[in-house]
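Listed in order, the protein sequences are those of chains F, R and B.
Mind the numbering: the first sequence is residues 135 to 398 in our numbering, read in order.
Mind the numbering: the second sequence is residues 45 to 315 in our numbering, read in order.
Mind the numbering: the third sequence is residues 245 to 490 in our numbering, read in order.
Note that these hints are calculated values from the structure, not bench results.
Everything hinted at is true.
One-sided and incomplete, this derived list gives chain R residues near chain F with beta-carbon spacing under 10 angstroms: (1) Q126; (2) L148; (3) G169; (4) Q173; (5) L295.
Here are the in silico distance ranges between beta carbons for each label pair: (6) F:T267 <-> R:I299: 30 to 40 angstroms; (7) R:D71 <-> F:T267: 21 to 31 angstroms; (8) R:R93 <-> B:D305: 28 to 38 angstroms; (9) B:F336 <-> R:R89: 19 to 29 angstroms; (10) R:R93 <-> B:S267: 33 to 43 angstroms; (11) B:D370 <-> F:K191: 50 to 60 angstroms.
Glycine residues also receive a C-beta, built at the ideal position from the N, C-alpha and C atoms.
Given next are the chains, with one letter for each unit.
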Amino acid sequence: MASEIKPIWQRVLNNIGDRFMGWSFEVGGVSLLVWEIMRNTFPPKLDGEETWRNMYKVGVKSFPIVVVTALLVGAIMVIQSGMYIEQYGAYGLLGWGAGYSVFREVGPIMIGLMFSGRVGANNTAELGTMKVTDQIDALRALAIDPVRYLVMPRVFTMIVMMFLLVVVGDFVSLLGGAATSQYLLGVDMTLFAWSVITYVSLADFLHGLYKAVAFGFAIAVISCHFGLNTSGGAVGVGRSVNASVVGSAIAIFILDYLITYLDT
Amino acid sequence: MAAAPERMPLHHRMLASVGEPVIHVADTVKGIMRTFALTLHYTLRGRKRWDAIFEQLHEIGNRSVIFIAFTLGFLGMILIYQAGYQAMKITGDLQLLGGLFLQLLLRVFAPTITAMMLATRVGSGMAAQIGSMVVTEQVDALRMCAAQPVDYLVVPRFLASIVMSVVLTIFAVLVSYLAGAMVANTAFGVNFYTFFDMSFVGWFDVNICLTKALVFGATIPVIACQAGLIVTGGSEGVGQATTTAVVNCSLAVVILDFVISGLGYVVLNLL
Amino acid sequence: MIEVHNVTKLHFGRPVLKDITLSIPEGSNLGLIGPGGAGKSLLLKIICGLVVPDEGTVTIDGQDVFELDEIEIAKLRFRIGMLFQNYALFDFMNVADNIAFPLRQEGKLGEDEIAAKVQEQLDSVDLPTIGHQFPNELSGGMKKRVSFARAVVPEPPIVFYDDPTAGLDPVTSSKIFLLLKAMRDEKGVTSVTISHDIEGIKDICDNFALLDRGELIFWGSRDEVESTDLSLVRQFWDGFSDDELG
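Here chain F stands alone, though its shape is the one from the complex (with noise of 0.2 angstroms):
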């Protein structure tokens, strides 16, 4: 912005020190958001109206594409453990190959970075625009409180979704992997439903709900956030969905690590 010159060490000191304040902005905002979400959980203010229509838009919009993601993750997945067991001969382990890092890990995060996707980034989207439009401040001005009307809804409703696609998701690959199995590997289908039941325990499902819950709150959070600061017009939307969805990726993947550190 300035045009005077700067010796290169301050430029560099400046562009850390900007990047760090953006950064902190970011978090701060995000914070007050969930101080904000948790004044309204006790007691618990949810327009059910406004809830419902947002679930029915959120499940039919990414069921699709959850559908589609999970049942090539779980053909992806068998195919990778199928190089391993083809070489070791033991094809009695590739349901529990496929479905242990399925369950656990690949699932969550593919479904929640198609989620943050699908869903975070339309979010992010239609906040924004209302708020360019003014429409949020319309809301305020009517003395309806943002927070309470449009975020509450959507945290509640993408944290519900996000449980039931993985769950969907986690069947729908382990059909995925058996197709793979069967028509590409050539290992019977009854073989690795066989391993996926013996070898697959319910810790290892839970697991992956845990984290569906997580990233279901993390990305709704982050998208309101994002959303309800857009600021410049057409522009300004398209800046703040990409904020959106690469704070949603980043968020997912500290938080499956803290979840897997905890809960091994």
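Given the coordinates of chain F, work out where chains R and B should sit on it, guided by the hints.
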């Protein structure tokens, strides 16, 4: 949009509800294919604008480094944690952890997750930028100055993305591997010498990793720019395009990953 | 000579332009007026081949715009200057590069000549010192003038102005209209101007067309406008509404 759907008889509505998504997907794929063909055409024929390519290399590469390091670093830690824990429980033998981890990283995780991250950061960025250019009539202005939008906007991004996808994937392997080594060392006491075991990794693994990186790198900008170029309407349209870009890019990555993995498996069996 | 023949454009099956036929002889200046959403900008974009109509043809100097191949349309577009409604300045280039862009694309001039022409244009729009600035640092009026400079820098014989004074204060508006007038009187361009500023374009244009909801309601010379009894034309021309509100 469609005229009064409730007036149609039931079987029409059922057909419509199946047909509409099918047509939508077919249209999207057709649009992407056309943009891809045009991109190739101009890549081979048009003059290279090196300054624009370098700008995009910077935009795609340098500005994604921290993001990729962060996410892939965590991924390495997560995977080693899970794998190490299982190995401890079942065999108690962690000798193979590092070698197998590197192989898996090359075959699936590094190219796929890097591409997912590029789809997220770069794909959405491109769609947002080009979409904004469409709604502010900049793309029309380009055309009025006889600059083809695909030639002018997509080609530099396409070339830069291919290069940077390969570079970032290699970077991602390193970061993940090092982060994994840290966790293996601190949590399971595997020493670094045992962990850095290259004996499993062959040319097959390196090739499949680079092939995937190349293909993903070529796919993401085309899909993202296509989403941006077809924007209509104001800020709503731009938001929509950005969302579409992330979803379509991610889906394309997963689908292509499946295809390449399947082909790789077949090739491996033939070898 | 620009001829528009039976142009119809559909949007989701609904016509947004219905059977428009117009001609703009060389050296004449057409003023395109009408309420918002009537399809004026769309018509302009169809004329320069940016949007393909569902029916009808557009010919410019005998060439059918939609039959041309890539190289021919490029040549044609170097002869058309367009001032866009939303400025359409490239936000990734500074002002000087923006103005130089059409010249560089044309590839006829060397960098020195281009720099000289850019400076000449900046002087003529009375913004001689902003070449190094970026579009987002400029005010609306400055952006309009830069956009104007970019449209006319290759000295095109045909210029389209899409609402050149939208959202500008009266002083800046009158400056813009002075620029348009200079284009007409000094360069003898053929032009189409969309504007809601009737008083402004009365000075610029010699022919007027009125579009309403995609239909060409009226098309004629200045004298014909002043003598017509069509109520919508009268309302626009005299700037009042005799209908009840509602």
